[in-house]
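Position chain B against the provided structure of chain A, taking the given hints into account.
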Amino acid sequence: MANESFPRKLPQLVFRILWLPMGGLLFVLLNSTGGMRALDAAVIAYPVCLFGQFTLIAAKYSCKSSPIERTKTGQMVATHAIASLIMGLLWYSLAWTLIYAVSFGQQLQGLDQRFSGRGPIVYVSGVAFYWLSVAYYYVVFARENAMKAEARVMETTMLARDAELKALKAQLNPHFLFNSLNSISALTSIDPGRARDMCILLADFLRITLRAGEHAVIPFSEELGLMERFLSIEKVRFGARLKTEEDIEEDARKCLLPPLLLQPLIENAVARGIANLPEGGTVRVAARCANGRMFITIENSFDPDAPPRRGNGMGLRNVRERLEARYGKEASLRISSEGERFEATVTLPAETEVPR
Amino acid sequence: MSAAGGKRLRALIVDDEELARFVVREMLEAHSEIEVVAECVNGFEAVKAVAEHKPDLLFLDVQMPKLTGFDVLELIGTDVPVIFVTAYDEHAMKAFEVHAVDYLLKPVGKERFEAALERAKSRIATRQPMPAELGTAARAPGQFAERIVVKDGTRVTLIPCNKLDYAESQDDYVALVSEGKKHLKQQTIASLEASLDPALFVRIHRSYLVNLERVVRIEPYGKESRMAILATGARLPVSKTGYARVKALLDERG
Numbered sequence: 593m594a595n596e597s598f599p600r601k602l603p604q605l606v607f608r609i610l611w612l613p614m615g616g617l618l619f620v621l622l623n624s625t626g627g628m629r630a631l632d633a634a635v636i637a638y639p640v641c642l643f644g645q646f647t648l649i650a651a652k653y654s655c656k657s658s659p660i661e662r663t664k665t666g667q668m669v670a671t672h673a674i675a676s677l678i679m680g681l682l683w684y685s686l687a688w689t690l691i692y693a694v695s696f697g698q699q700l701q702g703l704d705q706r707f708s709g710r711g712p713i714v715y716v717s718g719v720a721f722y723w724l725s726v727a728y729y730y731v732v733f734a735r736e737n738a739m740k741a742e743a744r745v746m747e748t749t750m751l752a753r754d755a756e757l758k759a760l761k762a763q764l765n766p767h768f769l770f771n772s773l774n775s776i777s778a779l780t781s782i783d784p785g786r787a788r789d790m791c792i793l794l795a796d797f798l799r800i801t802l803r804a805g806e807h808a809v810i811p812f813s814e815e816l817g818l819m820e821r822f823l824s825i826e827k828v829r830f831g832a833r834l835k836t837e838e839d840i841e842e843d844a845r846k847c848l849l850p851p852l853l854l855q856p857l858i859e860n861a862v863a864r865g866i867a868n869l870p871e872g873g874t875v876r877v878a879a880r881c882a883n884g885r886m887f888i889t890i891e892n893s894f895d896p897d898a899p900p901r902r903g904n905g906m907g908l909r910n911v912r913e914r915l916e917a918r919y920g921k922e923a924s925l926r927i928s929s930e931g932e933r934f935e936a937t938v939t940l941p942a943e944t945e946v947p948r
Numbered sequence: 299m300s301a302a303g304g305k306r307l308r309a310l311i312v313d314d315e316e317l318a319r320f321v322v323r324e325m326l327e328a329h330s331e332i333e334v335v336a337e338c339v340n341g342f343e344a345v346k347a348v349a350e351h352k353p354d355l356l357f358l359d360v361q362m363p364k365l366t367g368f369d370v371l372e373l374i375g376t377d378v379p380v381i382f383v384t385a386y387d388e389h390a391m392k393a394f395e396v397h398a399v400d401y402l403l404k405p406v407g408k409e410r411f412e413a414a415l416e417r418a419k420s421r422i423a424t425r426q427p428m429p430a431e432l433g434t435a436a437r438a439p440g441q442f443a444e445r446i447v448v449k450d451g452t453r454v455t456l457i458p459c460n461k462l463d464y465a466e467s468q469d470d471y472v473a474l475v476s477e478g479k480k481h482l483k484q485q486t487i488a489s490l491e492a493s494l495d496p497a498l499f500v501r502i503h504r505s506y507l508v509n510l511e512r513v514v515r516i517e518p519y520g521k522e523s524r525m526a527i528l529a530t531g532a533r534l535p536v537s538k539t540g541y542a543r544v545k546a547l548l549d550e551r552g
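Residue numbers (our numbering), protein chains in the order written: chain A, 593 to 948; chain B, 299 to 552.
Here chain A stands alone, though its shape is the one from the complex:
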């Protein structure tokens, strides 16, 4: 907490005491360069700086209106140059106002005469202080931006972890589980051997799914193994209605990707594609690598007139979030449909070892 409020309060604090060294500097200038008496110089230098420092806050707004990272240098310099000239004038008139205000005292009689000719010193000081303020504010803003960027990175990481967790939870689709159990229940009296096979398939599927959180990435061959088991289970349920095709390049098998990344897509293909077709259709999985990128396509038949089922899009969003979390702009999920074919293509960097 203290860490957060510190940099916000600091600029104001610095400003509140800054008039002292500034006054000191102006005093020296008036005293030595301008050849004024110490008393005269002090009477002018410190009050001018005390009041003048407030005018310098204007620098904050001119800095804000022309942020250093988004403004052309020439334009920025011009803005501040004009502002600094006005600032110098302001200081100059401030000095004169002050002189008229104080010069009726005994000691200060004739201060105006003694000051005349030294006005430019105050003027130049005003210009210089303005430029110093500009520099100061740019540094403060840069710091603030850096801290904001850091906070954003933290937030993104947290979101990424959240997405991962949600993804893992979403994998165990209750509809799929209960339907599979119902199929097994039917097979126990029709074909006990197949019932047992189905139990093994389902157990394997569950084991792999539950273990998925252990690794950040797995080879595509493993992900493909899980998809194949899933499709085998669904084939028992849908019978001849579900046909599958595979077109996998050898290179693609070794590529790494987050575990269960493709599971929502393959579930989508069956639940929103094949399950809506009385005559069924084909689910096709293809993967290839080219130019350092990996392309995975899951394609399925679908009924364009079918109403969108509940929860539609959840799975797709999940895939997008996970891709974004791990690869940023380097990966994408593209959805397209043409006629009665639906296609989801994942593109991601083709990595065969974890980059550090």
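Any given hint could turn out to be false.
To be verified - Computed cross-link-like contacts, DSBU-like style, restricted to lysine-lysine with a CA-CA straight-line distance of at most 35 Å:
1) A:Lys835 - B:Lys449
2) A:Lys827 - B:Lys449
3) A:Lys827 - B:Lys364
4) B:Lys346 - B:Lys364
5) A:Lys835 - B:Lys461
6) B:Lys545 - A:Lys835
Simulated from the structure, these hints should not be mistaken for laboratory data.
Coordinates of chain B only, in the frame set by chain A:
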């Protein structure tokens, strides 16, 4: 003619999965008083088979391609007792509970099956009607119908809601006008209105429900009333309250 008369009960099994149909059939084998007259693999077949076989009891899967179990129920009317069979659907289950409709969860267990069958038999004996609006009740809150199912004889038509121009109340029926065709459906206009997205469909008149996207303009007609002109050229009367509803909706949209 029913169980009381000693006649066998005629049952229909509807499920798109063969293994799921098998489970129900196998469980019914122990009951000699029940005869399975047909098995249907989708909703269209089910609607046809109900008209053809006039069954006493229906085992109906909820999630099926094209027509869901709820669509089938809507189309066959409220006379045939139905036992729903579903894998997992919390909204559907809630709707079943609320309407005291029998349902079985997959995987189907023997005990549950027997209990549901007993209740169905008593339903048949007392001729208790099925609730017609089950589909609406089973929809998640904030979700609206995407399409309307209409039966003409044994032919089933699906009208996507965005293709519906307007609906006109005609006694116990509504006439649904879509793509230049008129379809009659046994439903009240109020229950149709309840199932559709209220941001899109407005009751502009006691007898008219209109798709707001189809309205080109509303012009004054007579002293108090107005007319809505649709893109198709159709002219529909707009009542005072109907006009207020349209205005409120358009204001909401900004």
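Now for the hints, and whether the structure bears them out:
1. Using a Cα cut-off of 35 Å, the hinted pair A:Lys835 and B:Lys449 holds, with the two alpha carbons roughly 32 Å apart.
2. Distance hint between A:Lys827 and B:Lys449 is fulfilled; the C-alpha atoms sit about 33 Å from each other, no more than 35 Å.
3. Between A:Lys827 and B:Lys364, the direct Cα distance comes to roughly 20 Å. Compliance with the 35 Å bound is thereby established for this hinted pair.
4. For the suggested pair B:Lys346 and B:Lys364, the alpha carbons sit about 15 Å apart, so the restraint of at most 35 Å is met.
5. The suggested pairing of A:Lys835 with B:Lys461 holds, with an alpha-carbon distance near 33 Å, which does not exceed 35 Å.
6. Between B:Lys545 and A:Lys835 the alpha-carbon distance is near 52 Å, which puts this suggested pair outside the 35 Å criterion.
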